[in-house]
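Chains as they are written, first to last, in my numbering: chain A, 450 to 885; chain B, 5 to 354; chain C, -3 to 284.
In case anyone wonders, no lab produced these hints; they're calculated from the structure. Note that the Cβ used here is the ideal one computed from N, Cα and C, for glycine as well. Treat the hints with care, since some could be wrong.
[What the hints assert, rightly or not] Okay, derived cross-link-like pairs now, DSS-like style, lysine-lysine, Cα gap no bigger than 25 Å in a straight line: (1) A:K858 with A:K659; (2) B:K127 with A:K543; (3) A:K582 with A:K568; (4) B:K127 with C:K229; (5) A:K587 with A:K568; (6) C:K229 with C:K154.
[What the hints assert, rightly or not] Rough simulated footprint, nothing fancy, chain A against chain C, three-plus residues with beta-carbon under 8 Å: (7) 106 to 113; (8) 193 to 205.
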Amino acid sequence: MKSLICCLVSSVFALGLSVSGQVIRIGVVGPMTFIQGIHHWRGATLAADEINAAGGITVGGTTYTIELVRVDSNEMQPGPDAVSAVERAITASKVDFLIGGFRTEAMLAMTEVAADYKKIFLIAGAADDGLLKGRVDKNYNRYKYLFRITPVRSTYLAQVSFILLRDVVETFRRELGISQPKIAIVAEQAAWANMIVTLVALQAGTPVDKGGFGGQHVGTWRPSALATSVAAELTAVERAGAHIVFTVFSGPVGVVFGRDWGRLQVPVAAVGINVEAQAQGWLDATGGFGAYTATAGIYATGVAVTEATLPFIDKFQAEFGELPLFTAGTYDALYILADAIRRAGSLQTDAVISALETTDYVSTLGRIVFDELHDPIWGPDYITGLGVQWQDGSPKAFWPREWQPDPAKFPDLVIATPGTVPYVIPPWVKDHWQGK
Amino acid sequence: MYYGRYLLRYLQNEILVLPSRVIVLVFVASLLAFPLISQDPNLLRMLIVTALFSLYAVSWDLLSGYTGQISLGHALFFGSGAYASALLSSHLGLPPYATIPAGAAVATLAGLLVGIPCLRLRKHYLALATLAFPIMLTGLVLAFPGFSGGEGGIWRIARLTSTRIEEYYLIVGVMLVAVFALWKVAGSRVGLIFHSIREDETAARALGINTVRYKLFAFALSGFTAGMAGALYAHSSAARIVAPGVVLSLFMSFQPVIWTIFGGAATIYGPITGVFILYPLLDTLNVVIPKYRMLVFALLVLFILRFMPHGISTWIRDTIERVCPSCQVRNIATRQACRACGVELRHMQP
Amino acid sequence: MVASILVNGLVYSGVYAMLALGFGLVFGVGRVLNLAHTAFYMVAAYGIFYFASTGFGMPLAVVLTTLGIVAAGIAVYKLFIEPVREMEATVLIATLAVAVLLQELVLVFFGNEPRHVPPALSGFTQVVGVRVGNQEMVTLVVAALSLIGAWFLLSRTKLGLAIRAAAQDREVANLMGINVNQVTAIVMGLGLLLAALAGIAVAPLFTVEPGMWMNPLVIVLAAVVLGGLGSLKGSLIGAVILAFAEVSVVFLVPGGSYLRTAIALLIMVCVFFIRPEGLFGSSIAEER
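Take the sequences, apply the hints, and build the full model.
Pasting the structure below:
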């Protein structure tokens, strides 16, 4: 057994020595047997092929091509596998950079390994604030190697989902004449969701002029992230008399929610964060019952966030037959890395970090500039994200449509992304509250 | 000089005569000498985890293999050891040499706390009641995310040592010493009483043995060992994070059972054999064929148990060694006469 | 509120009861703690997904799935479990290995993304002011029919008598001329039939994914010991208690609905403090 591993390790090592000099090795980290990891890999291969076809990366007269190394972190299964995979990638496969990652607890451990070995890790797929906050700011020298590309950190995700909720609340006021819509919260039991839940519960009843939603909070339900049915929770939500249910899901319970909600035609409008609803297979997974689900998202059909968005989506769809998931942000991560290496003019880690810190790059997600936490800045002119609703069988963007980020200071600033459509209250919800 | 000769004679007369003892000697020696051959951090880390899990598996064997008190919730002890030391390390900043004993102590306490109510439960009832405890502790961890880190876990944990080799020797050393001590306990009168509780508790009680006290001792000792493994794990380079999805999961509870039954229960060396075969195998499969690793793993366990239902190490021992029918001394299978009393062994069936 | 708890609790009770009865039967007669029981339930859900999506009619899909599950289950029992039946810990791990094997096979063939099975009856009905999906009703009816069928088989037929005799005392039943091994295999098939029907009934309700066997396994184990091992009545009542405990947590402590399994298990442990042999178990079960 040991000798077999030795043999494997040494052969990989020998391979590394023989071709180094022209190759930059990049480890793509993800749960490779799961849809999230598959999209990590797809996004990265697309970018690597494009960069290599365009002549690779030239640094100080030498031209490097990108070579991707698949790092299966097996994040979905508990255990020490994720740490092993990353350390093996660094020491045995000799990767120079790492991109990807998905689950918070695995990412915390894997980024520790990267910090130990002083390897740059571009996070593409995990939103938890704590991956960078409290690390890059508190102990810069140890954690300066970590950057996040996508998604924006969960505080900002929360901000987007609040704006979406406000949109829906407004729609209820305007179309149904309900002045104080009742808001229920259904959030999976997960660390990243706690803060969002607390804030929404706090602001739901706060009047609009004080920055709240001007509604009424009627209860919070926290099913397990792995629950296989939420019919009971939904019955309870309906009993509480809610008009709108604010969702916070990253795991498979999101599918469960979408399906039970549509199947039982619970008369509440669902909006918030539902990561599964960003995937192309959402309608299939929910048996068509997930229509009208609204979620903060990254990609939507026919919406050009920047000039880079549509070419990427089209190419991804042509190649793999589906919309990219947010973990396919490895595509942007690779381009940003290539850009930083070119600007640094060196492969030296510290030089690349300095270059990354001064990144100003128009990606498929928006314009990426890092703040002092190495998080991409969120806001108008930078990354905003999208509000996505499933209408007529495809994910349509309904925000930013007529967004005034700061009406008090800049009344003329209105963000309107081309290709967006208005939010639609699910017909059965509308019928119910109109008394039909 | 005298001791040297004594040692040599001991080696010749007591160890080299039996293949199983030779195997143990070679195993310990190669484990200690391994860093001389390779210092690859991945191999060292894999062996560190294997050593930790050996300790964890032995703790299960002690409670369930010896006394027959089947625990299906052993992750409770591993997890409470890991959590206690991780919490002390990240909240109070205590060094590992303080947090690890504390973790082991907390797990011992958990062993007693679980052991006392479970004294009344028999067999399957006990197995399933213990199954519930780690799940309930997980609920507790999730309910107080501010303190416990919730499902994301705790990650600001001090490192055991600064280099991988030091960590390797520390953990392998602790494992070898602890296992040797447990081996002595298991071979002593206490071990005999453990066996008797498993075989017939009523009879043991009738002989005047306070079985309640011994069962509680087994719970506490097992909890201590598992807790130490958990605490070491929390500080090791393999973990870096203590999360309920890892240390308190159903899989973590079942793992020591798989290793021990696979290797051979109520033997101490059985669980170690099991871990040293299965864990490196799983780790290697993860590199070679990640998609099919658990499939291969399950098939292997199934077939080994089908044809060696008493475990692989028991099967090997019974194949290479024979017990003398008259004086109960073990002999190598190739011997024709017993090494102690000279009785002919040739036509004996295993 | 009471009505909601009642209606939702009934649906869960039906599913858990089917699983617990099958599991309890296998344990009672075969003395096999079959950790793979709910894995077969998971495979049944995938079976119905596969056959339904390849265009077989629903009735044919149900028949094919149940037959497949029962055949596979008996084969596994004969090949891997029966030869080592006397060694309890070995059986435990062998069945666990079977469960993992089934999960991994499903992963290889179907991947891990959640699958959807179209409901037999879509839409919903208002029952005493509570919104109940029609599929939930179907599930409840299937559960009721299966349980009545099982009860009829056990109490009114000769085979049932043999099964109950073997469950009560394997050795004596053997002496009385009952082919215990054969009865055990039949019971294994019967238990898996119930598991398969449960899997088919819930496939449109729950998400079909490879890990869906874990949580029901914990609940079923808890239900069976709560009721008292070897007591079929106990298994059913245990399942109903745990189902209602879970649903009540969701309604009464909304912020803690992730704790529902933990609280259901806490109830089980508390019962053990009062009655160590479960609600309907016999205290001399050990001596058998």
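Structure-inconsistent hints, enumerated in ascending order: 2
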